[in-house]
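Student: Residues per chain are reported as follows:
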Amino acid sequence: MSGRPVLAACLSLALGGPALAAHAAVGAAATPNRIEIHNFMFTPKTLTVPVGTKVTWINRDEEPHTVVSADGRFAPSKALDTGDRYATIFSRPGSYTYYCTVHPFMTGTVIVK
Amino acid sequence: MQDGHDNRTLDRREFLKCMAWAGTGTLLLMKGGVLHARTLGAEADAEARDATFSFAQVSDSHIGFHLAPNPDPAATFRAALARVDALPVRPDFLLHTGDLTHLSRPDQFATVQGLMQESRAGKGKVLCVPGEHDVIGDNGEEFFRRFGERQHDGGWYSFDHRGVHFVGLINVLNLKAGGLGYLGADQLAWLNKDLAPLSAETPVLVFAHMPMWSLYPEWGWGTDDGAQAMTYLRRFGSVSVLNGHIHQIQRKVEGNITFHTARSTAYPQPAPGTAPAPGPLKGVTPDRLRSYLGVRSVRHVQGRDALAITEEAMA
Chain R
0 MSGRPVLAAC LSLALGGPAL AAHAAVGAAA TPNRIEIHNF MFTPKTLTVP VGTKVTWINR
60 DEEPHTVVSA DGRFAPSKAL DTGDRYATIF SRPGSYTYYC TVHPFMTGTV IVK
Chain Y
0 MQDGHDNRTL DRREFLKCMA WAGTGTLLLM KGGVLHARTL GAEADAEARD ATFSFAQVSD
60 SHIGFHLAPN PDPAATFRAA LARVDALPVR PDFLLHTGDL THLSRPDQFA TVQGLMQESR
120 AGKGKVLCVP GEHDVIGDNG EEFFRRFGER QHDGGWYSFD HRGVHFVGLI NVLNLKAGGL
180 GYLGADQLAW LNKDLAPLSA ETPVLVFAHM PMWSLYPEWG WGTDDGAQAM TYLRRFGSVS
240 VLNGHIHQIQ RKVEGNITFH TARSTAYPQP APGTAPAPGP LKGVTPDRLR SYLGVRSVRH
300 VQGRDALAIT EEAMA
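As you go down the protein sequences, you meet chains R and Y in turn. Note that the first sequence covers residues 0 to 112 in numbering that gives the first Met the number 0. Note that the second sequence covers residues 0 to 314 in numbering that gives the first Met the number 0.
Take these hints with a grain of salt, some might be off.
Take a look, some chain Y residues computed to stay more than 12 Å from chain R by CB distance [as the list claims (entries may be wrong)]:
| # | residue |
| --- | --- |
| 1 | A67 |
| 2 | G147 |
| 3 | Y231 |
Pairs of lysine to any residue residues, derived as SDA-like cross-links and limited to a Cα-Cα distance of at most 25 Å, are as follows [claimed, not checked]:
| # | chain 1 | residue 1 | chain 2 | residue 2 |
| --- | --- | --- | --- | --- |
| 4 | Y | K175 | R | Y95 |
| 5 | Y | K281 | R | H37 |
| 6 | Y | K124 | Y | G147 |
Beta-carbon label-pair distances, calculated as ranges [as the list claims (entries may be wrong)]:
| # | chain 1 | residue 1 | chain 2 | residue 2 | range |
| --- | --- | --- | --- | --- | --- |
| 7 | Y | A67 | R | A86 | 23 to 31 Å |
| 8 | Y | E217 | R | G51 | 32 to 40 Å |
| 9 | R | G93 | Y | P105 | 34 to 42 Å |
| 10 | R | G93 | Y | T273 | 51 to 59 Å |
FYI, nobody ran anything at the bench for these hints, they're computed from the structure. This structure is a prediction, so every number in the text was calculated from the model and none was measured. We put the beta carbon where it would ideally sit given N, CA and C, even for glycine.
Using the sequences provided together with the hints, build the complete structure.
Tutor: Rendered as structure tokens:
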């Protein structure tokens with residue numbers, strides 16, 4: 000029985016359907032390569048991943064956001080409307096600070112080891 | 000008018016947070032150099048008749064937004080322009096203080112232009128400054144191509160109108176990670192030079208999208224180097240600053256400088272700190288929406304000491 004919520008989260012990830020979006024958000028904490036954008040925050044604010052990981056951001060806000068490297072070290076996203084995703088692969092170790100250029104007080108970090 | 004010397008302590012104490020969400024627009028009335036804002040409507044109509052001139056402000060039309068509480072911001076923008084067209088005294092021009100679009104898409108800018116062309120005010124002289132939603136991904140290229148004044152490379156501009164010096168500033172470009180709105184050294188140097196030849200008696204009206212004072216930095220509601228701009232403006236007897244961005248009316252008086260933010264024509268946002276985050280107030284019901292949206296008109300009366308600003312809710 001205890002495996003069920005995890006299964007639901009995985010299914011919703013795989014399907015990506017809007018009806019399952021809420022469940023996917025719940026599953027985010029257990030998903031090591033995903034960053035939710037909600038209430039003008041990147042969650043988790045700091046994400047640590049191994050080299051070669053594809054990291055995906057999902058915008059859960061009604062406001063558009065962007066994901067842009069503070070020092071241009073990875074390709075910037077376009078404007079992410081509600082429900083839009085952006086993914087990039089981190090192939091080199093390092094600490095990557097990024098922000099939303101629309102709301103620059105929103106910052107986050109991806110640490111690649 | 001406040002005494003210019005004791006204002007700093009007074010200002011903080013008397014920080015005016017005049018909450019009024021409602022309205023499509025504001026009538027801004029210049030009375031001898033000081034701006035007065037009135038919600039468009041009966042009060043504005045009466046005051047507009049003795050004005051030297053007036054202009055109307057709309058803001059944050061967010062064309063392309065499609066969610067609660069307003070799935071059709073084109074309709075509410077159209078209604079806002081109709082309000083302006085219905086003013087008893089025709090405004091000299093229309094000012095849009097940014098976030099014309101939601102996502103900076105060419106089709107959204109085209110829709111804005113189309114809606115403008117449906118209205119008398121929109122077909123006349125229109126002045127715009129971009130919001131951060133108008134410059135996503137292209138540093139404002141599409142915005143400036145369609146709505147830019149092309150006075151300077153950076154997009155900022157100034158002009159004189161019936162004795163009032165108007166300045167349009169850009170504070171939504173080159174935003175820094177962790178920062179707020181940003182003017183930048185080039186624009187500040189230009190502003191200083193632009194204002195230098197003016198006498199202190201010249202009424203000055205500055206407009207930009209993001210609030211030029213630290214209204215609520217936790218939500219990004221401020222301009223990092225706005226205080227520097229204020230040092231150039233402080234010597235003037237009457238300075239009015241018009242901003243958009245926060246989708247609600249807030250005012251602050253700092254000596255001879257009066258700050259006004261405007262309502263959106265699309266959707267309201269929460270008052271500072273009253274919600275987990277800024278963003279649309281989703282719970283506003285359709286029958287109440289238009290009472291949160293607005294237009295502003297500004298009226299100038301020669302020989303008096305203030306611009307009059309009139310706010311009008313759309314319902």
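Student: Confirm or reject each hint.
Tutor: Okay, the hints, checked on the actual structure:
| no. | hint | verdict |
| --- | --- | --- |
| 1 | A67 | violated (8 Å) |
| 2 | G147 | holds (20 Å) |
| 3 | Y231 | holds (24 Å) |
| 4 | Y:K175 - R:Y95 | holds (15 Å) |
| 5 | Y:K281 - R:H37 | holds (15 Å) |
| 6 | Y:K124 - Y:G147 | holds (13 Å) |
| 7 | Y:A67 - R:A86: 23 to 31 Å | holds (28 Å) |
| 8 | Y:E217 - R:G51: 32 to 40 Å | holds (36 Å) |
| 9 | R:G93 - Y:P105: 34 to 42 Å | holds (36 Å) |
| 10 | R:G93 - Y:T273: 51 to 59 Å | violated (39 Å) |
In terms of the numbered hints stated before, the structure departs from hints 1, 10, listed from lowest to highest.
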